[in-house]
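**Q** So you can see what is in the structure, the chains are spelled out below.
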Amino acid sequence: MFALDISGLTKTYKGGVQALRGVDLQVKEGDFFALLGPNGAGKSTTIGVIASLVNKSSGDVNVFGHSIDTALESAKSCIGLVPQEFNFNQFETLQQIMLNQAGYYGVPRSVAKERAEVYLKQLDLWEKRNAAARELSGGMKRRLMIARALMHEPKMLILDEPTAGVDIEIRRSMWKFLKQINDQGITIILTTHYLEEAEMLCRNIAIIDKGNIVENTSMKSLLSKLNVETFVLDIAPVKSAPELNGFTSRLIDDHTLEVDVEKSEGLNPVFTQLSTQGVQVMSMRNKSNRLEELFVRLVESGRQAQGDAA
Amino acid sequence: MNHLYFVALRTIWIKECTRFLRIWIQTLVPPAITMSLYFVIFGSLIGSRIGTMGGFSYMEFIVPGLIMMAIITNSYSNVSSSFFSAKFQRNVEELLVAPVPTWVIIMGFVGGGVARAMLIGVIVTCVSMFFVDVHIHHFGVIILTLILTSTLFATAGLINAIYAKTFDDISMVPTFVLTPLTYLGGVFYSLSLLPEFWQWVSKANPVVYMVNGFRYGFLGVSDVNVGISVALLIGFNAILFSIAYVLLQRGTGIRS
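Chains as they are written, first to last, in this note's numbering: chain A, 12 to 321; chain B, 22 to 277.
These are computed hints drawn from the structure, not numbers from a lab. No false leads were slipped in.
Straight-line distance between alpha carbons at most 30 Å, and here's what the computed BS3-like set of lysine-lysine pairs gives:
1) K190/A <-> K139/A
2) K25/A <-> K221/A
3) K166/A <-> K39/A
4) K152/A <-> K139/A
5) K166/A <-> K108/B
6) K132/A <-> K187/A
7) K152/A <-> K132/A
8) K39/A <-> K236/A
9) K166/A <-> K139/A
10) K152/A <-> K108/B
11) K124/A <-> K152/A
12) K221/A <-> K186/B
13) K190/A <-> K166/A
14) K166/A <-> K187/A
15) K25/A <-> K108/B
16) K124/A <-> K108/B
17) K231/A <-> K166/A
18) K298/A <-> K274/A
19) K274/A <-> K231/A
20) K190/A <-> K236/A
21) K152/A <-> K186/B
22) K190/A <-> K39/A
23) K39/A <-> K231/A
24) K25/A <-> K186/B
25) K108/B <-> K139/A
26) K298/A <-> K221/A
27) K221/A <-> K108/B
Sequences and hints are given; from them, build the entire structure.
**A** Below is the structure:
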């Protein structure tokens with residue numbers, strides 16, 4: 012059974028904006044799934060429909076076999092949502108927010124209190140439990156939304172840009188926590204603009220653009236499509252660009268060299284040729300994240316194809 | 022499943038009560054002060070020159086109406102401001118994504134409005150006891166009218182908040198509709214003082230039936246039949262509940 016099974020999903024907003032144009036998407040139980048796309052691609056609308064915040068125009072959505080048309084309450088019980096915008100009552104304390112959330116799902120007060128303690132401690136918020144939500148920092152608010160979404164112990168957690176605006180230390184601790192709960196069996200669907208985050212966490216990926224899914228595959232097979240990577244080499248200062256036979260290279264300044272390397276060729280010939288010419292390599296890095304390069308290419312080629320068809 | 026609904030209903034209700042108790046200076050104190058001023062000005066100072074009305078001193082006559090006025094205003098504003106704030110801060114989404122049936126959401130919010138109205142009713146009654154001996158003719162009618170009226174206006178406040186897009190939208194109905202209807206609803210006078218035509222016009226005002234039903238519970242006198250009063254209140258409640266249900270079920274004002 013799929014944790015999420017979407018077929019033919021469309022959404023046209025009042026005013027005629029067509030946000031979704033027939034989305035088909037399946038997410039396996041226990042998966043850590045990335046739903047990526049540029050701004051306005053339809054990610055949040057898709058999530059909104061799944062979570063009942065947006066009325067769909069047509070199509071079917073099933074959550075763990077429960078249709079949102081015929082078994083909405085059962086479907087909702089399976090989902091924990093971490094939305095993009097802060098949507099808790101800023102005047103309530105963290106404890107109140109957690110207990111209320113549990114109450115909406117019918118969790119008895121005594122059980123809710125225990126769970127609130129567990130999740131607030133796991134997300135380093137326990138000390139702030141009696142503070143009003145508006146007093147929290149941005150990172151704390153993000154973590155509060157994750158803790159809140161777990162109060163009814165959902166089978167699937169949907170996170171819409173959960174680490175937006177969060178510093179790298181907190182982001183990494185959130186990644187660790189999300190990995191932990193995914194290991195415990197919770198299916199996770201993640202949208203993010205930090206492609207490094209998707210590459211590090213997710214096993215499967217779909218890319219959506221202009222309301223269409225343009226790619227839906229495993230992270231490994233997607234990354235294997237990347238044939239050429241650009242590396243940035245920090246070198247000891249040189250007067251002229253070194254000659255690299257068989258490679259395209261650019262001397263950016265006297266100590267920075269960019270080299271395009273095909274996967275089949277590898278990096279050894281680059282180092283050999285540089286060494287022969289007496290160029291000393293101090294350090295090296297990818298010019299951009301591998302997934303980022305693919306993402307840009309896929310979205311651009313999808314748009315080009317749509318333009319050609321039009 | 023019923024137990025889950027009960028837990029959800031209790032949660033919304035407690036949340037609503039906690040909200041108005043947390044901001045008691047805005048929610049509980051103003052009605053007590055306003056009503057005290059009404060008692061002093063209309064009851065003690067001016068009322069003593071008016072004489073009797075319906076066989077009671079003017080002060081005794083206006084007490085049930087003033088309590089009802091406070092109940093109407095507070096039940097309405099509690100739900101309209103609370104639900105609109107939930108929309109504005111987007112925390113209404115907590116309820117929309119949860120498996121809470123629409124009728125539970127309505128009952129939870131309306132229950133909060135009724136709780137505030139009842140508490141205000143008790144406070145204003147206590148204040149009135151400093152000025153007059155409060156009669157109780159029929160306690161059952163008092164409670165029934167209080168519950169039906171506060172439920173009705175709490176539901177009306179909810180409908181207002183569903184449609185509202187700005188804070189101005191939730192203050193327009195109380196200013197331009199509720200206040201005139203209440204002041205012309207027989208709080209300060211008996212309909213028998215009006216010319217026959219205006220008595221007939223006044224009977225198209227639903228607040229007349231609430232004020233008079235409530236007054237009957239306290240004093241045993243009413244300008245309208247109490248049975249009709251209660252029947253109308255039940256009918257209006259059913260209509261407004263149905264409207265609120267359909268609107269929330271469709272997602273009007275809360276789902277795109």
